[in-house]
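**Q** What follows is the residue order along each chain.
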Amino acid sequence: MGDKTKTKADSLSMLINNDNVVGHIFAAPFIFGFICFSFIPICMSLYYAFTDYSLGNKVAVFVGLKNFLMLFKDEVFLKSISKTLQYVLIAVPLKLTFALLVAFLLTRKSRMVTFYRSLYYVPSLVGGSVAVALVWKQLFARKGLFNSVLMDLGLKKINWFGSEALAIYPLILMAVWQFGSSMIIFAAGLKEIPTTYYEASEIDGANGFQRFFKITLPCLSPIILYNLVMQTISAFMTFTQAFIITGGGPNNSTMLYALNVYNQAFKYNNMGYACAMSWVMLIVMSLITLVIFRTSKFWVFSESEG
Amino acid sequence: MREKKIVKKVFYHLFVLLFGFVMIYPVLWMISGSFKDNGEILRGTLSLIPQSSKISNYNTGWKGFGGTTFATFFKNSLFVTTIATFGTVISSSLVAYSFSRIKFKGRKLWFTFMLATMMLPGQVIMIPQYLIYYRFGLVPGYVPLILPYFCGQAFFIYQMMQFMQGIPRELDEAAKIDGCSKYGIYSKIILPLLKPAIVTTIIIQFYWKWDDYMGPLLYLSRPQSYTASIAIKLFADSTSVTDYGAMFAMSTLSLIPVFLIFLFFNKYLVEGIGTSGLKG
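Heads up: the protein sequence lines correspond to chains A and B, in order.
The first sequence lines up with residues 1 to 306 when you count with this note's numbering.
The second sequence lines up with residues 1001 to 1280 when you count with this note's numbering.
Looking at chain A on its own, in the form it has when it is part of the complex (with noise of 0.2 Å):
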């Protein structure tokens, strides 16, 4: 009786104990949340952009590929796509070239350069919150501060939130103002370029600019890959800041994609819809990283070819 009860403890605490148990009882959060938060939501996503879906609807209704054909003569639609791509072909390039600048600017061997590195992250820390979206409009209004120094400078001002060609830039300059995180990323890099090499260019009789371009940037090419890529999808997917400083106006001309999914499934109920327009999203997104990726191997040095 005794020896019964423990062989079944025993084989139990085999059990538990085997790796392959084990290791899916440490992975169950990541199992569960995968297929409850992104697999059964993907798959739902996909068949809901083939019907004309909303909240309160009891059954979607199968409309096959209505709403792709539909987003192809919607304007809105058309305008954000073309608005967005503006968005992040501007600003992602600028972010990344300011925060390398800076990053190369804090190189120096300095005690303050840590205490400088995080005075120019700050605005990263807090440029994704509402408070700094909200200062943003207040800067950029008709007698905002950005106006008042143009008036002071002698020029013109600017109606930036009433001009459907300039609207976008306060969105596209607060994006670059965010370049913190790709900084200190940079910083990281540089720190890994050996000295020597810096050291053999000098012998070489190489000047400044030669070694940036040279030396430098090779060497950070698998980092700037890395900064391009992240920035990219997170320039792609910014909200917070159209949301709220201009709503997507005037005339949508600052309907990024995001707020235009948004709008379409929690403004107007079009789940189905919006569905659709999320997933020529991720299409979109994904050809541009692989573009990304493919181009890499004519500029990305790594290593082992070298």
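Please keep in mind that the hints were generated in silico from the structure rather than gathered at the bench.
Among these hints, one or two may not hold up.
When the alpha-carbon atoms are kept at most 27 Å apart in a straight line, the in silico DSS-like pairs for lysine-lysine are as follows [said to hold, decoys possible]:
1. B:K1063 x A:K214
2. B:K1063 x A:K137
3. A:K137 x A:K157
4. B:K1008 x A:K109
5. B:K1267 x B:K1188
6. B:K1105 x A:K8
7. B:K1105 x A:K143
8. B:K1008 x A:K191
9. A:K109 x B:K1005
10. A:K73 x A:K267
With beta-carbon atoms standing in for the labels, derived distance ranges [as the list claims (entries may be wrong)]:
11. B:S1047 x A:T97: 48 to 56 Å
12. A:K297 x B:P1168: 29 to 37 Å
13. A:L85 x B:I1049: 37 to 45 Å
Cβ atoms here follow ideal geometry from the backbone N, Cα and C, with glycine treated the same way.
With the hints as your guide, set chain B onto chain A.
**A** Same frame as chain A, but now just chain B:
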């Protein structure tokens, strides 16, 4: 020659400081705005020194909306942020341990899925997630803002895995010989040594959650349940004239926890971003 070097040095520090000042100017302007009256803010003066020094902005702002004060809004923010951050740390460390230390069937598959979710834009699954929560009667409510954080966050799992690579496997082996199970190795060896990575996770997740706007926007509807980020936006939504002074006062308050953590844990944050980014 030496003098030239010193001049260069002074010039460098002046330039970096001045430029840094321009960078944080909007934040300083907001803080000073919290002491200005509406007229002064709307005139768009450059000056950081308020003429009016209206401390009453903090009183009027604190009163909030429709009888709900900012005490409630900040309490809600803190509640959601703390629980979500706690969940992230626990679940992410568990999952990271399984991926980096246990050889189980399907490990590669789940790991690949995890990397995929890192690249997946949140907006693609936002709508169906909302519909799922809605169907389970969890909208409006806090559950959708908290539950996913107990399922491991890919970014932090990955970061913790990187960190665990640096913990010598000999420690695991030694503990195993002493009769420690995998559960014991996790709780007695890995978790204590993981501390730096955990601190980084806490800081970054705290920021993200504290600032989060879209989540509360989707899932909270009663003013009593609003988080601070939603409540601050209400100042700008009011049909009458926006009280900018009060809005900036509450905005300033909402950034205080962020700044405090940054001041004390700066090193962890900078190192965390540097290393996780580099190896990604």
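**Q** Could you run down the list of hints and mark each one as holding or not?
**A** Quick rundown of the hints versus the structure:
For the hint linking B:K1063 to A:K214, the alpha-carbon distance of about 59 Å lies beyond 27 Å, and the restraint is violated. Among the hinted pairs, B:K1063 with A:K137 is consistent with the structure: their alpha-carbon atoms are about 24 Å apart, no more than 27 Å. Pair hint A:K137 plus A:K157 holds up; C-alpha atoms about 16 Å apart against a cutoff of 27 Å. A distance of roughly 14 Å separates the Cα atoms of B:K1008 and A:K109; the hinted pair therefore holds under the 27 Å criterion.
Our distance criterion of 27 Å between C-alpha atoms is met by B:K1267 and B:K1188, whose separation comes to about 26 Å. At most 27 Å may separate the alpha-carbon atoms for a hinted pair to count; B:K1105 and A:K8 meet this at roughly 25 Å. Annotation: proposed proximity of B:K1105 to A:K143 is violated, straight-line Cα distance about 63 Å (limit 27 Å). Of the pairs offered as hints, the one joining B:K1008 and A:K191 holds, with about 23 Å between alpha carbons and a cut-off of 27 Å not exceeded.
Proposed proximity of A:K109 and B:K1005 is supported: the alpha carbons are some 14 Å apart, at most 27 Å. A threshold of 27 Å between alpha carbons decides the hint, and for A:K73 with A:K267 the separation of about 20 Å falls inside it, so the pair holds. The beta-carbon spacing between B:S1047 and A:T97, approximately 32 Å, falls outside the hinted interval of 48 to 56 Å. The supplied range of 29 to 37 Å is met by A:K297 and B:P1168, whose beta-carbon atoms lie about 36 Å from each other.
Take A:L85 and B:I1049: their Cβ atoms lie about 43 Å apart, and the range 37 to 45 Å holds.
Against the hints set out earlier in the document, violations occur for numbers 1, 7, 11.
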